[in-house]
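Participant: So you can see what is in the structure, the chains are spelled out below.
Number of protein chains: 2
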Amino acid sequence: MQAPMSQQKLEEIIKAVKTLLDKQKVVEELIHKQPSAQHQLVESLVHRQHLAELEQQLQKLHIADLSHTIEILPPADRMRIWEIIRYQRGGEVLLDISDSVRQSLISTMNEDELLKVLSPLDGDDLTFIADDIPHDVLQKCLENLTHADKAWFHSSFSYDEDKVGHLMTNEMVVFHDHQTIAEISQLLRTLPELPTHNDKVFIVDSRGLLAGALTLQSILMSDPEIMAKEIMVKDLVKFSPDDDAGDASKAFERYDLVSAPVINQRGKIIGRITVDEVMDYIRGESTEDMLTMAGLRGEEDIFAPILSSARNRFTWLIINLFSAFIASRVIGLFENTIEQLVALAALMPIVASVGGNTGNQTTALIIRSLTQGQITAHNTWHLVRKELSIGVVNGLVLGLLVGLFAFGLYQNYYLASVIAAAMLLELVFASLVGLSVPMLLKKFNKDPALGSSVILTACTDSVGFLIFLGLATVFLFK
Amino acid sequence: MQAPMSQQKLEEIIKAVKTLLDKQKVVEELIHKQPSAQHQLVESLVHRQHLAELEQQLQKLHIADLSHTIEILPPADRMRIWEIIRYQRGGEVLLDISDSVRQSLISTMNEDELLKVLSPLDGDDLTFIADDIPHDVLQKCLENLTHADKAWFHSSFSYDEDKVGHLMTNEMVVFHDHQTIAEISQLLRTLPELPTHNDKVFIVDSRGLLAGALTLQSILMSDPEIMAKEIMVKDLVKFSPDDDAGDASKAFERYDLVSAPVINQRGKIIGRITVDEVMDYIRGESTEDMLTMAGLRGEEDIFAPILSSARNRFTWLIINLFSAFIASRVIGLFENTIEQLVALAALMPIVASVGGNTGNQTTALIIRSLTQGQITAHNTWHLVRKELSIGVVNGLVLGLLVGLFAFGLYQNYYLASVIAAAMLLELVFASLVGLSVPMLLKKFNKDPALGSSVILTACTDSVGFLIFLGLATVFLFK
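As they're listed, the protein sequences go chains A and B.
Each residue of the first sequence is one higher than the one before, starting from 1 at the first, in my numbering.
Each residue of the second sequence is one higher than the one before, starting from 1 at the first, in my numbering.
No lab work stands behind these hints: they were computed from the structure.
Treat the hints with care, as some may be off.
Note that the list lumps identical chains together, so a pair holds whenever it fits in one copy or between two copies.
[As the list claims (entries may be wrong)] Simulated pairs of lysine-lysine, DSS-like, Cα-Cα distance not exceeding 27 Å:
(1) 25 to 9
(2) 9 to 443
(3) 25 to 60
(4) 250 to 18
(5) 443 to 18
(6) 15 to 163
(7) 250 to 163
(8) 9 to 163
(9) 443 to 15
(10) 442 to 163
(11) 250 to 446
(12) 234 to 9
(13) 163 to 268
(14) 150 to 140
(15) 9 to 250
(16) 238 to 60
(17) 229 to 268
(18) 250 to 443
Just chain A, with the same shape it has in the complex (with noise of 0.2 Å):
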C-alpha cells in the first residue's frame, strides 16, 4: 500500500500529473491532426512515453490522495487517470470518492468494465456503493462472493444509510471471558493481521453474548495470568443496527471513542463501527446543512455536467420564483398607494432583506442546535421567547436607523414612522419564521436545513410587504 505523504508533496505530485496531462491532450490532438503515417507514429511513441510517467506519479499516490487528486480534476483529465487506474485500484478508489465522482465514474462504464473494476472488493465493500451499482451488475458481483460474504451483504445492506447497520464492519475480533491473557496474546499473534481502528478485542461469555472489551493498552499491560473477565471493561457503549447513525456519531464525539460494538437484541455482537466511519459521516452531515439550507442536494459534485447541476438547483429556485411571484401580488394589491406615494416602491425592499437576513441568522442558529440535540421539549419555549426578544431589540435599533433614514430622504415624517414600525414588524415576525421553519421541517421528520433558507425568504418577502405597504395604506392617506 503507498504511504500517507505531506501537504507539500501531494500538491508536487498533483502540478506534475496536470503537466502530464496537459501535455498528452495537446499530443492527441497532434496525431488528430496528423495528415502523415509517419509522423502519427512519432507522436504515438511521444504519447505512450506521457502515459508510462503518468502511470508513475500515479503509482506513489495513497488511495486517498488518488480519489482527491481524480475529484479536483475536471471531467475529461479524471477520465484519462480513471482509465489508466482502473483495473489496479479502481475498486478501492470507489469505496474511498464521493458519491456523485462515484456515479460519473460508474457511469462511464459498461458491464463487463465494471465487474471487473468492482471484482476485488468483498461484501463489506458492496454494501457502502451498492446504491450506485447498476442492479444486474451488482447481482452479478454477489455470485463472486463467499457464501459468508454475501450474507453479510445482504444483512447489513438491509438497513438505511443512516443506520448504524448500514455503517458497521464485520471485520473484528472476539475471545472468550475465560482465556487469560497469556492465551489471548498467543492467539493474537496466530492472527495475519488485525483490522483498522481495532483499539479493543470484544469478549463474549459462555452463552456467546457481549460481556465487554480488552483494550490493546490492557492486554499490554497486564498479568499474562489473569483472565479476561477480571480486567475486560463492562461499561461499553454499544449500539443496535437500527440506531441512528448521527446519535452514534454524537456518542463517537461526546465519549472520544475509536471503536465500538453493534449487538442484536439477544446482546449477541453482530459488526463494530469505527471512529473514520463515524467521521466521515460527520463531515457529509455538517457540510450537507450549508448547502441544502440554499436549496442544493448535499453532494453536489463540483464538476459535474452543467445540466445536472441546474437540474439540481432548479427545484429550489422554482419554488422560489413562485414565492416571489406571491410577494408581487402582495405589492400588486397596494399599486393605488405606490401611485400615491412612489417613495414606498424605493423604501420596501429594505424591509424585506433585513428581515430576510434576520430569518436566516436564527434558522442557522436552529438548525446547529438541533443537530447537536441541544433542542429539547423543556427548552423551546425559552428559545422562543429568547429568539422573540432579539427580534425586538435589533427591530428597534434597525427600525430607529432606517426611519432616520426615510426622513432624511422625503422628509416626511409620517412615511418614517410607519417604516420604522413595519421593520420592528417583520424582524419579530422574521425571528419567530426563522426559529419555525427549521422546527416544523424537524417535527414532520424532514431535515431541517432542507431549503430552509428559501421557505424563509418566502415568508419574510411577502409579509414584509405587507406590513410596509400595509400600515402605510392605513396611515399615510386619509
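Chain A is fixed; fit chain B onto it per the hints.
Facilitator: Just chain B now, with coordinates in the frame of chain A:
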C-alpha cells in the same frame, strides 16, 4: 470516572434533573414568601433533600453528558447545577463544554472560586481554555504548576488557535529503536496508564530524532526478540506545530489516523495530536461555516443573554441595512419610471429574490469545496465557466417563466420581454458574484464563509433592481 451511557438512559436522567430543578424553583419561591420561621424551616429541609437528590443524579453522568446537560438548560438552571458540581468536576466540565457556555460560567465566579475550580487542571488543559480565563487568575494557576508543565503551557499557548501546536498534547510514549519488543512490552507494563488514543508508541533513533512508530498491534503480534527498528513503520504522517489545524484534520480524515506525532524542525518529537481533538475541530469548523455565512459569530450559545446575542447578530445586520439603503437609492433613481408604470414596482422584487437565491447556492457550494481543498489554481477557470453556464441555463428557463407571468398579469409584451431579459442577466451576474465572494474572502485570508450571504444579497439586490429598472427605462418609454 463515570461510564458512558445510552442516549435513552441519558434522556431519563436529564428529565429527572429537570423535574428536580423545577421543584427546587417552587420551594425557593415558597421560602421567599413564607412569613413564619417554622414554615421556612420545613421548606429548607425539603430544599436540602432536593439538592441531595439532584447531586445524586448528576453523579451518574459522564463528564461529557454533564456538560451537555448544562448546555441545554436555560441560564438559571445552569447556575443551579454549576454550583452543585463546580468544585468536584467543574474543571473537567470547562474543558469539555462549548466556548460560549464556558465564558458565561467563568464570568459568574470571583477569583477565588475560579482558582479553586481550575486547580485540578494541568498545563495541557490550561492551554485549551486560557483565552477565556482572566489574566490574573491564569497567572496564579500557572504558579501552581510544576516547572515542566509551565514550560509546556508557554510553548503550546504561543501557537495560534488554528495551528497544530495549539491542539497537540504532551502525553505520549517514546522508546528507542534498538530496544526489543520484549523490552518494550516490559517497560509498558511498568507505566501507570497509557494516554488516551494511544494506538502507537513513537520510536526515536540514537540522536533522539523521530525514526518511526510501533502500533500496539505490532507489539502484541511480533516476535519478542526482534528490535523496534526492524518492524517500526517509517512512513509516518507527521506534523509541524506551525501546520494549519485544517490541513491536519484533512490528513486525519484522508488517512484514517488515530494519532500522529508533531516534530520540530530538527526532527525531534515534541507532541502528539489525536483524532478526538481533530473531530472537535471538524465539527466546529463545519457548523461554523453555516453560521458565519448568515453573519453570526461561529459559537453562539443558544441561551446567551439577549443583549449579547443581539450584538452578535448586529454587525452584519447593520451592513445589510446599509446595503439595503443603497438598493433603495438605486430604485430611487428610477422613481420617474415607476410613476409611469407602477407594475415595475410589483415585479422588481422577483428579479432580486431569485438572483439572491441563485447566488447563495453557488456560494454554499464554493465554501464547501474550498473547505475540502478541492479548488486549485488549475481548475478555477473551469469552475467559473461551469457556474456561468448554469446561470445561463437557469436564467433562460426562469426568465421565460417570469416573462409569461408578467405577460399574463399585465398583457404587456414589452414589459414581459424586459423582465425575462433582466432575469437572465441577473442570474448570470448572481452566479459570478456567488463564486467571487468566497474566493475573494479566501484570497484576502478571511474565512470564505464570513458574512458571504449578506455581501452576496447586497450585490444581487442593487444590481437586480438596476438591471430591471434600467432596461425598463430604456426600452419601455420613448
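Participant: If a hint holds in the structure, say so; if it doesn't, say that too.
Facilitator: Results for each hint:
Taking the shortest alpha-carbon separations for residue 25 and residue 9, only the intra-copy value of 25 Å comes in at or below 27 Å, while the best inter-copy value is 61 Å. Taking CA atoms no more than 27 Å apart as the test, residue 9 paired with residue 443 passes between copies only; the shortest distance there is 22 Å, against 48 Å inside one copy. With identical chains, the CA atoms of residue 25 and residue 60 are at most 27 Å apart within one copy only, with a shortest distance of 22 Å there and 66 Å across copies. Taking the shortest alpha-carbon separations for residue 250 and residue 18, only the inter-copy value of 22 Å comes in at or below 27 Å, while the best intra-copy value is 40 Å.
In the homo-oligomer, the alpha carbons of residue 443 and residue 18 lie at most 27 Å apart only across protomers (23 Å), although the nearest pairing inside one protomer, at 48 Å, exceeds that limit. Proximity of residue 15 and residue 163 under a CA criterion of 27 Å is satisfied inter-copy only: 26 Å between copies versus 39 Å inside one chain copy. In this homomeric assembly, residue 250 and residue 163 come within 27 Å of each other (Cα to Cα) both inside a single copy, at 13 Å, and across copies, at 25 Å. Proximity of residue 9 to residue 163 under the C-alpha cut-off of 27 Å is restricted to the inter-copy arrangement: shortest distance 20 Å between copies versus 37 Å within a copy.
Taking CA atoms no more than 27 Å apart as the test, residue 443 paired with residue 15 passes between copies only; the shortest distance there is 20 Å, against 49 Å inside one copy. In this assembly of identical chains, the alpha carbons of residue 442 and residue 163 lie at most 27 Å apart only when taken from the same copy (17 Å versus 36 Å across copies). Taking the shortest alpha-carbon separations for residue 250 and residue 446, only the intra-copy value of 19 Å comes in at or below 27 Å, while the best inter-copy value is 30 Å. Proximity of residue 234 and residue 9 under a CA criterion of 27 Å is satisfied inter-copy only: 16 Å between copies versus 45 Å inside one chain copy.
Within a single copy, residue 163 and residue 268 get their C-alpha atoms as close as 18 Å, which meets the 27 Å cut-off; across copies the closest is 44 Å, which misses it. Taking the closest pair of Cα atoms, residue 150 and residue 140 come within 27 Å of each other only inside a single copy of the chain (11 Å); across copies the shortest separation is 63 Å, beyond that limit. For a Cα distance limit of 27 Å, the shortest separation of residue 9 from residue 250 across copies, 15 Å, qualifies, whereas the shortest one inside one copy, 34 Å, does not. For the identical chains of this complex, residue 238 and residue 60 are inter-copy neighbours only, at 18 Å across copies versus 39 Å inside a copy, given an alpha-carbon limit of 27 Å.
Proximity of residue 229 to residue 268 under the C-alpha cut-off of 27 Å is restricted to the intra-copy arrangement: shortest distance 17 Å within a copy versus 41 Å between copies. Taking the shortest alpha-carbon separations for residue 250 and residue 443, only the intra-copy value of 20 Å comes in at or below 27 Å, while the best inter-copy value is 34 Å.
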